[in-house]
Amino acid sequence: MSSVHDWEAPNPVKTNRSGLIGKAVDRYEGPLKVTGTAPYAYEVEPPSPAAYGVLVTSTVARGRIVAADTAAAEAAPGVLLVWTPFTVPAQAERPAVTDFWSASADPALEDDRVRYFGQAVGLVVADTLENATAAAKLVAFSYEQEPAQLVFDQHLGEARDPPGESDVRVGDFEAAFAAAPVTLEGTWKTPLQNHCQMEPCATTAWWEGDKLTVHTSVQMVRRTQQGLALTLQIPKENVRLLTRYIGGGFGGKGSSYEDLTLAALAARALDRPVKIALTRQQMMTVTIHRPATVMDVKLGATPDGRLTAMSLITTTHCNRRGTFTEHASNFARSLYAAPNRLTGHRLVKLDLPHAGAMRAPGEASGMLSLEVAMDELAEKLGMDPIQLRILNEPEVDPETGKPFSIRQLVRCMKEGAQLFGWDRRLPTPGQVRDGRWLVGFGMAAAIRGNFLLPARCSFFVDAEGVITVRQGMTDIGTGTYTVLAQIAAETLGVPLGAVRVEIGDSELPPAPGSGGQFGAATAGSAALDAGMNLRKAIAELAVADAGSPLFGGRPDQVTFQDGVVAIENRSERLGDLIRRAAPDGLTAQGEIRPAADARNWSQHTYGAHFCEVGVDPVTGETRMRRMLGVFAAGRILNWKTARSQLTGGMIWGVASALTEGNAIDPRYGSLINQDLASYLVPVQADIGELDAIMLDEVDDKANPMGIKGVGELGISGAGAAVANAIYNACGVRVRDYPITPDKLLAGLMAKGM
Amino acid sequence: MKAFTYERAQSAEAAVKAATATPAAKFIAGGTNLLDLMKLEIEQPQHLIDVGRLPMAAVEDTADGGLKIGAMASNSHAAADPRVRQRYPLLSEAIVAGGSPQLRNKASVGGNLMQRTRCAYFYDTSKPCNKRQPGAGCAALEGLNRNAAIFGASHACIATHPSDMAVALAALDARVETLSPTGQARSFPILELHRLPAERPEMDTHLVPGELITAVVLPPPPKGAQVYRKVRDRASYAGGLASIAVAGPNVALGMVAHKPWRAVDAEAALAAGATPAEAMARELDGASSAGRNDFKIALVARLGAAALAEAKGERT
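Residue numbers (my numbering), protein chains in the order written: chain A, 1 to 753; chain B, 1001 to 1316.
Just chain A, same shape as in the assembly:
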């Protein structure tokens, strides 16, 4: 197995001879998307006219379905099929234990149990979407209701350690905290959040004999394809899953839902293609959400600002049947030095929809507590918040003692401070006014882990000299297509226009998919390996071909540039070589695995957020005026797609601080915000001047390209910078996110403002 030292060798991505790596290349699939011609899963044309399925969802939070009256729906115009748990075709049973990384059966409408409000309990398929929608409203369920646990705050006392987890302790936190001359203690709350991808979960499915084709919108190709085969109890080679274009995932499409299974089953039953999409309202409950958290922070410090004790304990919730834990305390294990440390998680089981991963699971919630606590501590100590952080910058990972692969957090803070004009911040709140707005500055650090997973890839060169990248990878709007094309073009020395990228297909070499900001590094490293192998094959072909000017040369001396292969001044076009010597083209495989010693390093991406807000002290409204993020995340493959990911994350952070969240009506167990008019993500007018800067960095311990992920770094800590700016503007701390006008108003009034 390789080691990180093997990764330190030069390669075409590092050498970047054509300058394509890092360049702000436009999106490979951009023209298709902006002209509306990229077929998303629901828009794929099946081989014959499709029928349309609509889910029916439960209207109680917990209980048993005792009867289902489907007569009216079955008699409705155009209806082809109505299924309930009593009539759905047999599927594999759900295994008692599942893990996220292994495929497992996920039967739809599996039993008569209702486990949350808005659970899929029925399916209606009709000739048109309108007929199916209308008939779905006619399916009548009778429930035997059972008492449900719905309100997180009321069940905190039932919180337990998540399965297989216990607190992590270093030193003696309790004693150090008790002895600390300066302490800061507080509880922060974050609400349940919904992913709100623009494209809902959707599937188009059809059968040809015993072969099933599904176009669906998921982040993980192979695991979903195998899971579907297990559910349907058919050989996995009989299922082809495609997910070519995905309108946002954010972790919410890391799993698949009833649209996939039921479309496949209904298409088989009707012998006709079937399309099913979740409605916007169903997206809120049938899929997963980021669960609410309650975070208890305790910091102890010396009067000169050295942390002596640090604790972050997160309590969160998941469905009674689930085990997902929002690991909001994990990031704190590597962020600041403190000899005495305590971090851990508690889990409450509720009868709410399933909790799951959402962009930067852990950090996105967790940094909203500790990074504000650090701001509060800095004020208590009379220190600048950047100075406090620099003072507590660890030499090695403060929990494990492992060396950092590279850590430029301090540089992010210092450069950000300079670019943002941090020196103009007045430490005393409420000192700056601009018209009716009180203006304040805030900052926060950002940290998010970096990961590498096993993946494969194949490269093909045809007689035109065109390189085709093939990988069962996904692009959830992140830029996968584009960065794979850049890696291929740079590795084979061809122009970008001579690269094709085929991804999102279970018949292609497997990659783990998109998530955990591991996508570019994982998929890209496998692509680089395939590219290197193809280079080798081409070089060997050239020097062995008597018709080639390179004939007789050494394969390791062959260079690749501008679509030309050469040994010094002997050269020919790549296409000419292939056309003559390998007219059917050449294929090469590649793969990446984590290095055997990769875990010897503490490896993260870092950043610093700076924010300027205005607070209207009359109404409690906050508006983000200006925000800057400075990030260190390894080598950047594409300035434009990386920056877009980072700013997108920062915008989500602003939303988490100011507007976003959902609430449960405790009488029903339903969510109050069910559409994008009421679930408030930022609109253009909410975001002022926004910029993200990426520092020069190479992390040779990360992978052969020295790159890292940026998809989740941008949101990490962003909301805390907003909250700190609010305090600096008006002197009010709201520890219950989002900081909406009603909450801020209460604080302003309490201060006599």
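The set of hints was computed from the structure by calculation and includes no laboratory data. Backbone N, C-alpha and C fix where the C-beta goes; we use that ideal spot for every residue, glycine too. You can trust all of the hints, since none of them are fake.
Okay, the calculated beta carbon distance ranges per label pair:
{"hint": "1", "chain 1": "B", "residue 1": "K1039", "chain 2": "A", "residue 2": "L426", "range": "43 to 53 Å"}
{"hint": "2", "chain 1": "B", "residue 1": "Q1102", "chain 2": "A", "residue 2": "P31", "range": "19 to 29 Å"}
{"hint": "3", "chain 1": "B", "residue 1": "P1249", "chain 2": "A", "residue 2": "D26", "range": "55 to 65 Å"}
{"hint": "4", "chain 1": "B", "residue 1": "E1013", "chain 2": "A", "residue 2": "E208", "range": "54 to 64 Å"}
{"hint": "5", "chain 1": "B", "residue 1": "D1064", "chain 2": "A", "residue 2": "L426", "range": "48 to 58 Å"}
{"hint": "6", "chain 1": "A", "residue 1": "T35", "chain 2": "B", "residue 2": "A1136", "range": "39 to 49 Å"}
{"hint": "7", "chain 1": "A", "residue 1": "D584", "chain 2": "B", "residue 2": "K1039", "range": "51 to 61 Å"}
{"hint": "8", "chain 1": "A", "residue 1": "D26", "chain 2": "B", "residue 2": "Q1046", "range": "47 to 57 Å"}
SDA-like, lysine to any residue: derived pairs with alpha carbons at most 25 Å apart:
{"hint": "9", "chain 1": "B", "residue 1": "K1002", "chain 2": "A", "residue 2": "T133"}
{"hint": "10", "chain 1": "A", "residue 1": "K189", "chain 2": "B", "residue 2": "R1146"}
{"hint": "11", "chain 1": "A", "residue 1": "K743", "chain 2": "B", "residue 2": "S1289"}
{"hint": "12", "chain 1": "A", "residue 1": "K743", "chain 2": "B", "residue 2": "A1287"}
{"hint": "13", "chain 1": "B", "residue 1": "K1002", "chain 2": "A", "residue 2": "T59"}
{"hint": "14", "chain 1": "B", "residue 1": "K1106", "chain 2": "A", "residue 2": "Q684"}
{"hint": "15", "chain 1": "B", "residue 1": "K1039", "chain 2": "A", "residue 2": "T279"}
{"hint": "16", "chain 1": "A", "residue 1": "K137", "chain 2": "B", "residue 2": "L1037"}
{"hint": "17", "chain 1": "A", "residue 1": "K137", "chain 2": "B", "residue 2": "A1024"}
{"hint": "18", "chain 1": "A", "residue 1": "K14", "chain 2": "A", "residue 2": "W639"}
Quick look at which bits of chain A chain B covers, simulated, 3 or more residues with Cβ under 8 Å:
{"hint": "19", "stretch": "132-142"}
{"hint": "20", "stretch": "615-621"}
{"hint": "21", "stretch": "667-678"}
{"hint": "22", "stretch": "735-749"}
Start from chain A and add chain B according to the hints.
Using the frame of chain A, we list chain B on its own:
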């Protein structure tokens, strides 16, 4: 969405005639609210009469120095009209505070007045709502009613009217012109258009079935400053938590009642020499809240005082 039939009306007279001739018919213009409600089956018209292309989109001067805005003028068009911007800046500001540019381009002035509440329980068809289903009960009363009414609510309904434009029109003493199903034209003050919920929250307005709004008529602007302020969670495309329109001596409040709320007690207090804060306190003597919307009383007091002070030229 349930199946429906559709016709494009050739004249206002034909439209109202068709509305009475066809059961469960509805007018549609921009459709920015109606189509959403139809998709959720909150509205289930069997027949749509498209009035959006009737020649009633002009903004015209009136003989007395006011303005007549055709009901089919788009919100964007009305807000951008130079006469509106010059003489009724309040109206222009209120219109652009509502919806999003896309919605305002499509939505008509008449439709803006006819938009329905954004109460979450009205939208959630799994919950009881007297407005949606008379007699079913009101889930908002004991629910997550953060944006519920603080004026004029009933035990049957605590929903608010979401329009910004209507708040400005209320402060400007606008009149509404309609054509009734009998072919009768009538004109009445905007405050007589919308009703309080009382026992019949399913009825948003006093219009008779089939009656069509044809225009909104503004009298000459009142003497004095005009101010519109809206408080909202998000900077655009968000219903307000509260709004206020000040036009000279006139004051109207938005998103606090089932209709645009003319703050007559505040006006009277101001006329009698009260300070802005005192005037708002007088108005809010009549306010009551339902739990999670308690903050709206303090919010309206502060917002109102600030807007009134701004109108008086005081720094807020």
